[in-house]
Amino acid sequence: MGKTDDRRPGGATRRAFMTSALAGGAALAATGRSWAEGDPLITEIQDWNRYLGDGVDAAPYGMPSAFEADVIRRDVPWLTADPVSSVNFTPLHALDGIITPNGLCFERHHAGTALIDPADYRLMINGLVDTPLVFTMSDLKRFPRENRVYFLECAANSGMEWRGSQLNGCQFTHGMVHCVMYTGVPLRTLLQEAGVRTSGKWLLAEGADASAMTRSIPLEKALDDCLVAFAMNGEALRPEQGYPVRLCVPGWEGNMWVKWLRRLEVGDKPWAQREETSKYTDLLENGIARRHTFLMDVKSVITSPSPQAPVTHGKGPLVITGLAWSGSGTISRVDVSIDGGRNWKTARLDGPSLPKALHRFYLDIEWDGSELLLQSRAMDEKGYIQPTKDELRAARGVNSIYHNNSIQTWQVRQDGEVENVEVS
Amino acid sequence: PPHGTYNLGRRATDAEVAAWDIDVRPDGTGLPVGQGNAIDGEALFTEHCAACHGDFGEGTGRWPVLAGGQGTLTNDRPVKTIGSYWPYLSTVYDYVRRAMPFGNARALNNDDVYAITAYLLYLNDVVTEDDFTLSNENFGDIHLPNEDGFKPDDRLEEPEYAGKAEPCMSECKRGPVKVDMRAAVLDVTPDADNGEEVGSGSVD
Numbered sequence: 003m004g005k006t007d008d009r010r011p012g013g014a015t016r017r018a019f020m021t022s023a024l025a026g027g028a029a030l031a032a033t034g035r036s037w038a039e040g041d042p043l044i045t046e047i048q049d050w051n052r053y054l055g056d057g058v059d060a061a062p063y064g065m066p067s068a069f070e071a072d073v074i075r076r077d078v079p080w081l082t083a084d085p086v087s088s089v090n091f092t093p094l095h096a097l098d099g100i101i102t103p104n105g106l107c108f109e110r111h112h113a114g115t116a117l118i119d120p121a122d123y124r125l126m127i128n129g130l131v132d133t134p135l136v137f138t139m140s141d142l143k144r145f146p147r148e149n150r151v152y153f154l155e156c157a158a159n160s161g162m163e164w165r166g167s168q169l170n171g172c173q174f175t176h177g178m179v180h181c182v183m184y185t186g187v188p189l190r191t192l193l194q195e196a197g198v199r200t201s202g203k204w205l206l207a208e209g210a211d212a213s214a215m216t217r218s219i220p221l222e223k224a225l226d227d228c229l230v231a232f233a234m235n236g237e238a239l240r241p242e243q244g245y246p247v248r249l250c251v252p253g254w255e256g257n258m259w260v261k262w263l264r265r266l267e268v269g270d271k272p273w274a275q276r277e278e279t280s281k282y283t284d285l286l287e288n289g290i291a292r293r294h295t296f297l298m299d300v301k302s303v304i305t306s307p308s309p310q311a312p313v314t315h316g317k318g319p320l321v322i323t324g325l326a327w328s329g330s331g332t333i334s335r336v337d338v339s340i341d342g343g344r345n346w347k348t349a350r351l352d353g354p355s356l357p358k359a360l361h362r363f364y365l366d367i368e369w370d371g372s373e374l375l376l377q378s379r380a381m382d383e384k385g386y387i388q389p390t391k392d393e394l395r396a397a398r399g400v401n402s403i404y405h406n407n408s409i410q411t412w413q414v415r416q417d418g419e420v421e422n423v424e425v426s
Numbered sequence: 072p073p074h075g076t077y078n079l080g081r082r083a084t085d086a087e088v089a090a091w092d093i094d095v096r097p098d099g100t101g102l103p104v105g106q107g108n109a110i111d112g113e114a115l116f117t118e119h120c121a122a123c124h125g126d127f128g129e130g131t132g133r134w135p136v137l138a139g140g141q142g143t144l145t146n147d148r149p150v151k152t153i154g155s156y157w158p159y160l161s162t163v164y165d166y167v168r169r170a171m172p173f174g175n176a177r178a179l180n181n182d183d184v185y186a187i188t189a190y191l192l193y194l195n196d197v198v199t200e201d202d203f204t205l206s207n208e209n210f211g212d213i214h215l216p217n218e219d220g221f222k223p224d225d226r227l228e229e230p231e232y233a234g235k236a237e238p239c240m241s242e243c244k245r246g247p248v249k250v251d252m253r254a255a256v257l258d259v260t261p262d263a264d265n266g267e268e269v270g271s272g273s274v275d
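Just so you know, the sequences run in chain order B and S.
Under the working numbering, think of the first position of the first sequence as 3, with each following residue one higher.
Under the working numbering, think of the first position of the second sequence as 72, with each following residue one higher.
Looking at chain B on its own, in the form it has when it is part of the complex (with noise of 0.2 Å):
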């Protein structure tokens, strides 16, 4: 073990293995002749043993351990045309557990992070209500809140897939989803404030960015668990997130979450804006798209052994890790396949299991070193199963850009190195 590989695509993926390699070397060192009295990092005193570490003043917010220095979002200048209209990924790689730490959740914004005062923040509600309001942050704050824990999956994640493998490792493949839990008010609350009247039946979000994000909800929707939150994971929105107050639309495709949101307009229509009509509209391959796509459908991917997290100990015991979402509620099974689908062994869930949220699950298994196709397939709490990319595309063409949930596969080579591949 320790070999690194020239071909590995992907800096990130490189630092990591190499670092792991260093690791294990010093390992197989202490282990070995050369110290036969023992592991200098035990027998010898180390630094961080006899010296004085930083004092309580010196992170008032804190940061993760320098060693950690890789486990970063990143971006793929190519999708896009600029890095302010474009999106950064999510280091799943390298994440356990269901909850997405605050920085590191991807950031998908159309005209940059727009940087608002909450002093300045304004929230109206107007249209068919009986009374059209503005609230200030302070007033959002005195309406009763609830807690909850969501996935917000980009719908283009994956959509880079659609044709073949392209991009090597599950950060850039998977990474455009986060889970963290949000507080705020049920937008229920806000539009029974307003008074929606009967003739209501579809909700407009607006964002207060330059690119004024707008999206059409059914107010059915709305009404039902759509929350105004302005904190995450317990502190306040990041600004990329859309400080002060964002949008949280539970299962459904990230585009409609708008941030830095503005304005909520109650009309008898939709409204048929850019995003729902030009973009997140799904091109089949008659030339007819579908719109208002919008669930997120159940989908789950191997995180580790992954194309950025190879297999660096050898043979033995190894924990086959990764996360399973779906737009229709809890995920009631995953089953993984250690050789490209043929056979199936059924996952352990771990953590809690909540609606529209990730979930995290494991295969422990006993490596002989043979190569591996490793497969996930997520089963949801409405008996929907992960299809295939060969059926999706058997039903959509390759045109469609956006939920492609399709099943992954990654090739676990002899050496531990791992690769995004499509198998017959």
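The set of hints was computed from the structure by calculation and includes no laboratory data.
It cannot be assumed that every hint is accurate.
[Said to hold, decoys possible] Negatives, chain B to chain S, calculated, CB over 12 Å:
hint	residue
1	Gly40
2	Glu46
3	Asn51
4	Asp59
5	Pro62
6	Asn149
7	Thr185
8	Asp227
9	Ala233
10	Arg240
11	Glu242
12	Arg350
13	Gly353
14	Leu356
[As the list claims (entries may be wrong)] Some chain B residues judged to face chain S by a derived CB distance under 7 Å, without partners named:
hint	residue
15	Ala214
16	Thr279
17	His294
18	Asn345
For glycine and all other residues, C-beta sits at the position ideal for the given N, C-alpha and C.
Dock chain S against chain B, hints included.
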């Protein structure tokens, strides 16, 4: 006067609603009174838009193509533009007015947006006269070619979902599984040493 259950917030004034509520629907609801012609639109487009979208809406670099592409929606690589793909003219007016030019949104007045919209119709051969004037009066007469090109979400009727059958657990494929495609062959994943890779596809 009190409102709602909590009586929080205050009534929005008419001026406030007018300032923010500028959305336009396919039936024309929300269109302001005004007009503009394609000739003026060409000049405005050249000044405010062509640097990214090209002189004729053909797009520069990876910036969006606004014109052309008619008849390509069943091609291997469709060209989706206002003329080939967008269903409604209202979206053009609304989006240009709310979000363009990129980096200087809301800089165009209502008549400017009518003029640019008229020019975009001309670039897409939806109107043929270069002095075509678009206004709130004749807006509803214009229909884009792909208006009927959309249908509701029927994903759950696709066979892979509709079945909801218990999935196969063992010996699900005959013979060994073959690898058909590899990401490393394309080699377009960003690398710390080299950000120059270019793959196919894009994020819209």
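Verification of the hints:
1. At roughly 37 Å from the closest C-beta of chain S, the C-beta of B:Gly40 stays outside 12 Å, upholding its exclusion from the interface.
2. Every CB of chain S is more than 12 Å from the CB of B:Glu46 (nearest about 33 Å), matching its label as outside the interface.
3. Once the 12 Å rule is applied to beta carbons, B:Asn51 is consistent with being away from chain S; the minimum gap is 33 Å.
4. Residue-level check passed: B:Asp59 sits 34 Å from the nearest beta carbon of chain S, beyond 12 Å.
5. Every CB of chain S is more than 12 Å from the CB of B:Pro62 (nearest about 31 Å), matching its label as outside the interface.
6. Non-interface status of B:Asn149 relative to chain S is upheld: no Cβ of that chain comes within 12 Å, the nearest being about 19 Å off.
7. Against the 12 Å criterion, B:Thr185 stays outside the reach of chain S, whose nearest CB is about 17 Å from its own CB.
8. Remark: the non-interface label on B:Asp227 is consistent with the geometry, its nearest Cβ contact in chain S lying 19 Å away (cut-off 12 Å).
9. Taking the minimum C-beta to C-beta distance to chain S, about 18 Å, the non-interface status of B:Ala233 holds against the 12 Å cut.
10. Remark: the non-interface label on B:Arg240 is consistent with the geometry, its nearest Cβ contact in chain S lying 20 Å away (cut-off 12 Å).
11. No beta-carbon of chain S comes within 12 Å of the beta-carbon of B:Glu242; the shortest separation is about 16 Å.
12. Distance check on B:Arg350: its Cβ is at least 16 Å (rounded) from any Cβ of chain S, clearing the 12 Å threshold; non-interface status holds.
13. The claim that B:Gly353 is not at the interface with chain S holds, since no C-beta of that chain comes within 12 Å of its own (minimum 24 Å).
14. Distance check on B:Leu356: its Cβ is at least 22 Å (rounded) from any Cβ of chain S, clearing the 12 Å threshold; non-interface status holds.
15. With its C-beta approaching chain S no nearer than about 4 Å, B:Ala214 sits inside the 7 Å limit, and its interface hint holds.
16. For B:Thr279, the shortest C-beta to C-beta distance to chain S is roughly 5 Å, which falls under 7 Å, so the interface hint holds.
17. Interface restraint check for B:His294: the shortest CB-CB distance to chain S comes to about 5 Å, inside 7 Å, so the restraint holds.
18. Contact between B:Asn345 and chain S, as hinted, is supported at the beta carbon level, the nearest pair being about 5 Å apart and thus within 7 Å.
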